[in-house]
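Got chain A; can you put chain B on it based on the hints?
Protein chains in written order, with the working numbering: chain A, 337 to 491; chain B, 430 to 541.
Hints were generated in silico from the structure; no laboratory data involved.
A hint or two may mislead.
[Stated by the list, open to error] Here are the computed lysine-lysine pairs in the DSS-like style, where the Cα-Cα straight-line distance is at most 30 Å: (1) K478(B) / K538(B); (2) K443(B) / K540(B); (3) K441(B) / K392(A); (4) K496(B) / K484(A); (5) K470(B) / K538(B); (6) K433(B) / K535(B); (7) K470(B) / K397(A); (8) K433(A) / K478(B); (9) K395(A) / K467(B); (10) K446(B) / K372(A); (11) K433(A) / K372(A); (12) K425(A) / K518(B); (13) K441(B) / K540(B); (14) K397(A) / K496(B); (15) K433(A) / K472(B); (16) K386(A) / K496(B); (17) K496(B) / K443(B); (18) K518(B) / K446(B); (19) K433(A) / K389(A); (20) K467(B) / K484(A); (21) K433(B) / K395(A).
[To be verified] To give a feel for the contact side, a few chain B residues facing chain A, derived at Cβ under 10 Å: (22) E449; (23) S500; (24) V503; (25) T527.
Keep in mind that this is a model prediction, so the values were computed, not measured.
Just so it is clear, CB atoms sit at the ideal spot from N, CA and C, and this is done for glycine as well.
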Amino acid sequence: MQRRDFFKKLGVVAAVTAVVPAVSFAADAKPISPNKMSFKTAVDAITGGKTPKTSKLVKLKVPEIAENGAVVPVTVEIDSPMTSDNYVKSIHILAGKNSNSRCLDVNLTPANGKAMLSTRIKLGGTQEVSALIELSTGEFLIASQSVKVTIGGCG
Amino acid sequence: MANKRKSLIKIKPKKYKDGEIVKVSFMVMHPMDTGMGKDKKTKKIIPAKYINSVKFNYNGQEITNMKVWESLSVNPVFTTYMKINGKGKLTVTYTDNTGEVHEKSKKIKPKG
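Chain A extracted, bound-state conformation (with noise of 0.2 Å):
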């Protein structure tokens, strides 16, 4: 009789302890995803381990704010000629802080005519959100800015 209330307690404060963290941190809260991947990893991941070079070539255009979490729009440009010889190779959206900071991969060929990527994101929560690029030419070059998040957009 002791032992199995002992045991019932245990369970009680168990899952009582597995619960409550859960609820007081629910607004910082952040759902693991399936493909989990840090903004570091993903970066090494897509470079081959290559320090991408800041730069003002690329032009990401986010908004300083977002209301809405679950759709942010994000826009990357980069002024290449885009010849056979010369062109954006790929352009990789990566949002640091979501559990998957993959957002996007795209791989654009001269056919494309122009360096240009437009889509809508979601956004756990406030962070920067990166444009990473690799030219034909094998090199890395990143732009980032910071998006504030009002409303989590993830779960």
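Only chain B this time, still in chain A's reference frame:
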């Protein structure tokens, strides 16, 4: 399996000449569920269902391909540019993580 999702390919401007670089958008009604969201009524986790790949094929040539992750917004839109290079067809194909496949085509008819 026939896919009945509504999708659209938009080209801007609508009238273009050969050699012109036009804006092309592909949009599709897709939930883009991350696998982290909960159904508000049942409280159960909504399984992940998101587009994971989009390819643009123009007259038999793949001009753009995209790897898409679950953090793209619901009913995603993808806009880029393409250079008009003759009459023909632009076909956009996507797949999602559950194996769903969808194809949408648009005729390319340059004037002049």
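Cross-check of the supplied hints:
Of the pairs offered as hints, the one joining K478(B) and K538(B) is violated, with about 35 Å between alpha carbons and a cut-off of 30 Å exceeded. For a cut-off of 30 Å, the pair hint linking K443(B) to K540(B) stands: about 10 Å separates their Cα positions. This hinted pair checks out: K441(B) and K392(A) have alpha carbons roughly 27 Å apart, not beyond 30 Å. Our distance criterion of 30 Å between C-alpha atoms is met by K496(B) and K484(A), whose separation comes to about 26 Å.
Distance hint between K470(B) and K538(B) is unfulfilled; the C-alpha atoms sit about 49 Å from each other, more than 30 Å. Taking the CA atoms of K433(B) and K535(B), the gap is about 17 Å. The hint holds against a cut of 30 Å. About 37 Å separates the Cα atoms of K470(B) and K397(A), which puts this hinted pair outside 30 Å; it is violated. Note on K433(A) and K478(B): the hinted pairing holds, with a Cα-Cα distance of about 21 Å set against a maximum of 30 Å.
Between K395(A) and K467(B), the direct Cα distance comes to roughly 36 Å. Violation of the 30 Å bound is thereby established for this hinted pair. Distance check on the hinted pair: K446(B) and K372(A) sit about 45 Å apart at the alpha-carbon level, beyond 30 Å; violated. Of the pairs offered as hints, the one joining K433(A) and K372(A) holds, with about 11 Å between alpha carbons and a cut-off of 30 Å not exceeded. The suggested pairing of K425(A) with K518(B) holds, with an alpha-carbon distance near 23 Å, which does not exceed 30 Å.
Only pairs whose Cα atoms come within 30 Å are accepted, and K441(B) paired with K540(B) is accepted, the gap being roughly 14 Å. Annotation: proposed proximity of K397(A) to K496(B) holds, straight-line Cα distance about 21 Å (limit 30 Å). With a C-alpha separation of about 25 Å, the suggested pair K433(A) and K472(B) falls inside the 30 Å cut-off, and the hint holds. Restraint check for K386(A) and K496(B): satisfied, since their Cα atoms lie roughly 21 Å apart, inside the 30 Å limit.
About 28 Å separates the Cα atoms of K496(B) and K443(B), which keeps this hinted pair within 30 Å; it holds. Restraint check for K518(B) and K446(B): satisfied, since their Cα atoms lie roughly 15 Å apart, inside the 30 Å limit. A distance of roughly 20 Å separates the Cα atoms of K433(A) and K389(A); the hinted pair therefore holds under the 30 Å criterion. Restraint check for K467(B) and K484(A): the C-alpha separation of about 24 Å stays at or below 30 Å, so the hint holds.
Taking the CA atoms of K433(B) and K395(A), the gap is about 36 Å. The hint is violated against a cut of 30 Å. About 9 Å separates the beta-carbon of E449(B) from the nearest beta-carbon of chain A, less than 10 Å, and the hint is met. Given hint, S500(B) at the interface with chain A, holds; its Cβ is 5 Å from that chain's nearest Cβ, closer than 10 Å. At a threshold of 10 Å, the smallest CB-CB gap from V503(B) to chain A is about 7 Å, leaving the interface hint in force.
Annotation: interface hint on T527(B) violated; nearest CB of chain A at approximately 13 Å, more than 10 Å.
Comparing the model with each earlier hint shows violations of hints 1, 5, 7, 9, 10, 21 and 25; every other hint is respected.
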